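Listed here are the chains, written in short residue letters.
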Amino acid sequence: MAGTRITVVLSQAAGKHPGKRALEEAIVAALLGRPEYEVAVVPNLYDLTPEHTGLMFLQAVSGDLIVLSWLYPRAAFWILDRHGIKGHQGQTRLRAEQAEEEVEADNEKTDTSDRPAGIGPGGEIPDRCIYTLDLRDADRAEPFIAEIERIAAECRQRRQRHAPPQPPGRHATTPVLLSLGLAFQDNGTTNLNGLHNHATHSADFVASSFTAQALLAPTGRRWYPVIDYSRCTNCLECLDFCLFGVYGVDAWQRIVVENPDQCKKGCPACSRVCPQQAIMFPEYKSPAIAGADIGAAGGLKIDLSRLFGGEDGDALSLAVAERDRELINAGRAAVGMSVGIPKRQAHKQPGQPKDELDKLVDDLDNLQL
Amino acid sequence: MSSGRFFLMGKYQAPLPAELRYCRNHMWCRLGDQGVHTFGFTSYAVRLMRDVYFLEWRIDAGQRVTARQEIGFIETQKATSGLYAPLTGELIAFNHEVLQDPGLINVDCYGTGWLFQLRGDATETLSVDEYYKHLEAGWENTQRLIKAQINKLGLEE
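Residue numbers (my numbering), protein chains in the order written: chain A, 1 to 369; chain B, 1001 to 1157.
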């Protein structure tokens, strides 16, 4: 049996949510000591900068990869892609339990035939799969462990079918635990931390430069768009619309997020003008912009934004207002509708497809509070 | 001077101190010198959200804001929400303690759990009686829509 180890990376939630931390710890604890998994814990994937050890570790993984994060699977997959961590998108069967019926009903009625094919990821796609799992899909570790085991079996079968027999000497024998940074400075006596020490002394600790501490070095919060190239048609509307130089094109004239850190914190305007909803802001509160597949249940919390003063309006006016605000904040003049307005949207039906949560939020807006 | 009011939310009585001004987005406003006012969540807002887990500002101190501009994000035990500027002006300072420990909002929403200071014209804010009426007018619909959301999401109380 091929002994290729599968790498499981857990991307932590930003903030101090006790329930989220507990789930993270439970999942890592369940994977400990199992030779078929290489486990690493990194801070919130979206916040990682190219210099962060966590990202360098991910880039060094060449085999199949499972990434668990508090992000929509689509968002996590394309964040990795942007950092050159490429592979075929593995299909997860994990779905928010409540959403199962809706998902099935949705599969029947969703008509994607009018969606043009995206340009696809750039460069060469290595022969491996990347599975991105959303930690919001269940509140216990067991469903995640079951799904990780199912994926691992799927990967083994795929390797056996496609690859020549493995050369000898590549058997996974000892658990390799690169990082179990779930224990924090103020909590250094947990079980997890103890196990981490054990792992560090393991003879098979291959990547000594990737220490738990380095992998979990604190990050600042970041804010930038993430492009889903399976949807992007390279229409360049975002390049025209954004006036902060975030977007550019590469040597093949493909749209890229060239200067992510020039993006204006909190502003999702370009996402609203994208005709294919290919631009995600993974931390934005609206599920459609954060990368939810339409029809999937988003968070499990009520959204009080309308009660607390959030605005509503059509996507384009919102985007223009957001952009003007950022221009003024940057000491520049507002441009309103005069610059970079998407041509294609002019003759489009009003009302982008909205998901369930967006509709509910709209209902709240009708309260006129 | 009245001693403030209580708004009844189910069995919970949300206190609304009389000496504060109020905003329609469920923030209170303590008038300060030179137009620099302090803002925080009312007990009504905190009761809807429950335990605050995560608070983040999406602008920096010193920036100009326009009324209803999205300036932050909050995640609590029961809810998530954008946070919006209660009035137009200049954001002077954020409460750093509350960023370190958002639980202060639950402990003392009218005191140590204050959110930020903003310089601007507060004449549009509401008196306690006006805010009470605003809550009263919206309460039934608020309950109905929150219940609808909860049912859709399969959340359990």
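Hints listed in this document are in silico derivations from the structure and should not be mistaken for laboratory results.
Quick caveat, the model's predicted, so the values are computed rather than measured.
Just so you know, even glycine gets a beta-carbon here, dropped at the ideal spot from N, CA and C.
Treat the hints with care, as some may be off.
Claimed, not checked - Coverage of chain A stretches by chain B, computed from C-beta distances (three or more under 8 Å per stretch; other residues unrestricted):
#1 15-28
#2 149-159
Unchecked claim - Calculated from the model, a selection of chain A residues having no Cβ within reach of chain B, i.e. all distances over 12 Å:
#3 G84
#4 I119
#5 G266
#6 P268
#7 K285
#8 L304
#9 S305
#10 G310
#11 S338
#12 I341
Hint check:
With a cut-off of 8 Å between beta carbons, the stretch 15-28 of chain A has 4 residues touching chain B; three or more are needed, and the interface restraint holds. Counting residues of the stretch 149-159 of chain A whose beta carbon lies closer than 8 Å to any beta carbon of chain B gives 0, which falls short of the minimum of three for the stated coverage. With a least CB separation of 28 Å from chain B, G84/A remains clear of the 12 Å interface cut-off, as annotated. Interface exclusion of I119/A from chain B stands, the closest Cβ pair being 31 Å apart, more than 12 Å.
Once the 12 Å rule is applied to beta carbons, G266/A is inconsistent with being away from chain B; the minimum gap is 3 Å. Some Cβ of chain B comes within 12 Å of the Cβ of P268/A; the nearest lies about 9 Å off, and the non-interface call is violated. Non-interface call for K285/A relative to chain B: violated, since the shortest CB-CB distance, roughly 5 Å, does not exceed 12 Å. With 12 Å as the threshold on Cβ separation, the claim that L304/A sits away from chain B is violated: the shortest Cβ distance comes to roughly 4 Å.
A cut-off of 12 Å between C-beta atoms contradicts the statement that S305/A is not in contact with chain B; the least separation is 4 Å. With a least beta-carbon separation of about 5 Å from chain B, G310/A fails to lie farther than 12 Å from that chain, contradicting its non-interface assignment. Every CB of chain B lies more than 12 Å from the CB of S338/A, the least distance being 20 Å, so the non-interface label holds. For I341/A, the condition that its CB be more than 12 Å from all CB atoms of chain B holds, with the nearest at approximately 21 Å.
In summary, the numbered hints that this structure violates are 2, 5, 6, 7, 8, 9, 10.
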